[in-house]
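Protein chains in written order, with my numbering: chain A, 1 to 308; chain B, 309 to 616.
By construction, these hints were calculated from the structure, which means they are not laboratory data.
Small disclaimer: the values here were computed from a predicted structure and weren't measured.
Backbone N, C-alpha and C fix where the C-beta goes; we use that ideal spot for every residue, glycine too.
Watch out, some of these pointers could steer you wrong.
25 Å max Cα-Cα, derived SDA-like pairs, lysine to any residue [as the list claims (entries may be wrong)]:
(1) A/Lys30 - A/Ala161
(2) B/Lys417 - A/Lys298
(3) B/Lys606 - A/Gly274
(4) B/Lys583 - A/Leu149
(5) A/Lys248 - B/Gln439
(6) A/Lys275 - B/Lys606
(7) A/Lys298 - B/Gln439
(8) B/Lys583 - A/Ala79
Short, incomplete list of chain B residues facing chain A, as computed with Cβ under 10 Å [stated by the list, open to error]:
(9) Gln312
(10) Asp316
(11) Asp550
Protein chains: 2
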Amino acid sequence: MTEQVKFDRVVIVGVGLIGSSLARAVRERKLADEIIGVDRDADVIARAKKIGVIDDGGTTIEKGVKGADLIVLSTPVGAINEVCEALSSSAPDDVLIIDVGSVKGSVAKAAAALPDRLHFVPCHPVAGTEQSGPEAGFASLFEDRWCILTPLAREDAAYQAAVKKAESLWIGIGALVEVMDVQHHDLALAVTSHLPHLIAFTLVGAADDVESVAHGEVIKYSAGGFRDFTRIAASDPIMWRDVFLSNKDAVLEVLGRFSEELAVMQRAIRWGDGKALEDAFARGRSLRRAIVDAGQEKDVPNFGRDKE
Amino acid sequence: MTEQVKFDRVVIVGVGLIGSSLARAVRERKLADEIIGVDRDADVIARAKKIGVIDDGGTTIEKGVKGADLIVLSTPVGAINEVCEALSSSAPDDVLIIDVGSVKGSVAKAAAALPDRLHFVPCHPVAGTEQSGPEAGFASLFEDRWCILTPLAREDAAYQAAVKKAESLWIGIGALVEVMDVQHHDLALAVTSHLPHLIAFTLVGAADDVESVAHGEVIKYSAGGFRDFTRIAASDPIMWRDVFLSNKDAVLEVLGRFSEELAVMQRAIRWGDGKALEDAFARGRSLRRAIVDAGQEKDVPNFGRDKE
């Protein structure tokens with residue numbers, strides 16, 4: 001049992017869904033004396049301050065990070081190099097830096113380039129909703145969700161202590177922590193997150209492009225299955241653009257496998273191979289059951305949409 | 309305003325999720341004096357009787373349909389020819405027959421082959437959950453969902469009256485009714501229901517087959533998006549096998565379009581074309597908004613999984 005880490009001054013860079021959820025969680029659990037927001041959009045800072053997510057804030061990293069003992073980077077992944085450049089000169093000595101990005105390869109590279117006086121522990125909380133902005137966040141977002149840490153290959157005691165602090169922070173706000181190799185993270189998440197999003201975005205586009213089926217029909221009959229895809233296809237376009245640009249190799253690898261599998265299904269339909277279809281379809285139920293049993297999904301039919 | 313149709317004796321052939329939901333809805337709205345179940349599985353009949361979904365029942369259509377003024381076919385679509393053969397000799401004169409199948413081409417063909425003394429109006433309530441069996445049904449399943457009717461090309465007054473009765477029944481249990489051409493139905497539903505199911509089934513299989521990513525990891529990190537797909541991939545394998553075997557042409561058509569679109573996305577990722585990705589991704593939000601506005605989806609983030 002390690003002692004719960006607490007911070008004097010937490011600086012959240014990028015006050016969107018994830019950043020504001022982390023701010024709320026830290027505040028609710030009393031893990032920080034002060035929470036400062038930094039966002040390139042001054043309106044976001046004003047709104048976040050108004051709803052009490054941050055105590056104060058501004059639009060420049062250099063000013064914002066003064067006196068911080070924890071800096072949380074919750075911008076889209078594509079901004080990581082620019083943000084790290086600003087931090088390398090302005091962030092205070094011995095500060096713990098974490099990020100929340102869905103890709104870790106590009107983040108780890110930027111983190112490794114920082115001076116050793118800064119302790120950047122790349123993190124990925126596997127949690128989120130389809131909504132964006134500081135208003136969309138909520139304190140319980142990370143509860144019972146996994147947060148994957150991919151620490152740098154630094155063996156100095158200061159960095160090791162920073163990794164422990166990062167773990168303590170995530171556990172302190174209800175998450176489950178796993179430490180993982182960067183490459184493995186990017187492949188595993190390409191499977192469980194990036195490919196599903198790409199497929200959902202693609203299906204939504206393709207469905208709306210069948211000329212002989214009206215836009216209104218796609219909407220009216222979406223309860224047949226289509227609407228399930230639209231939740232994740234409603235996710236932030238910028239965030240997801242950056243994920244695919246930053247995790248190209250792993251995404252192309254798992255996409256290739258998906259396409260092969262889809263070709264097999266296509267042939268089974270064309271040839272009328274009912275046995276092959278039935279066998280393939282039968283796998284879904286047990287996998288969903290396992291996800292429910294692991295506490296990663298609620299055990300209600302139809303996502304609880306229906307009145308019983 | 310037409311008068312609400314009522315029935316003396318409703319016979320449900322296939323007492324699963326949809327059949328038992330219809331039975332419950334009809335009973336709750338007091339639209340039938342007696343509800344009889346027919347299922348080839350005697351255990352299903354016993355269970356449905358025990359929980360009060362049906363008044364009585366058995367395993368043979370010929371016996372079950374005696375005295376019926378409404379017969380509801382809620383078996384998998386693949387059983388339609390066999391069921392219609394049994395009905396052609398045993399069903400009483402002037403009975404209204406409806407089905408609930410997700411494909412209408414094969415059903416309409418079987419329906420047209422019945423003697424004119426039987427009035428089969430093919431129906432498709434676009435509603436369902438990932439669960440199966442008589443216990444999974446509930447009376448409100450069809451409320452505010454669309455039910456598509458694809459009546460036969462029969463102009464006799466008896467058949468026209470039967471179509472009106474079928475409409476009245478669906479409206480009576482809370483559904484919205486649309487009349488549509490058979491071919492158009494099968495294409496529109498290939499887009500909004502059949503393709504999404506095929507994609508979900510395929511993704512679930514492909515994800516679980518990446519050797520270097522453990523089965524346990526797929527489950528642990530499923531909150532990254534994958535779990536959304538597992539709901540519809542947990543649907544009844546036999547029902548869905550029959551859908552793909554019965555609606556081959558339309559499914560292959562929309563699958564071809566999806567694959568093209570996916571290839572475009574794949575190229576955008578390979579070439580690092582962020583603009584193309586961002587533009588494609590931006591469509592999802594407005595479509596989801598439209599589905600929520602049309603009352604076909606609940607307006608809660610993350611399917612309401614989270615505690616706020």
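Notebook entry, point to check: Any hints this thing doesn't respect? Which numbers, in order?
Noted result: 2, 3, 4, 5, 6, 9, 10
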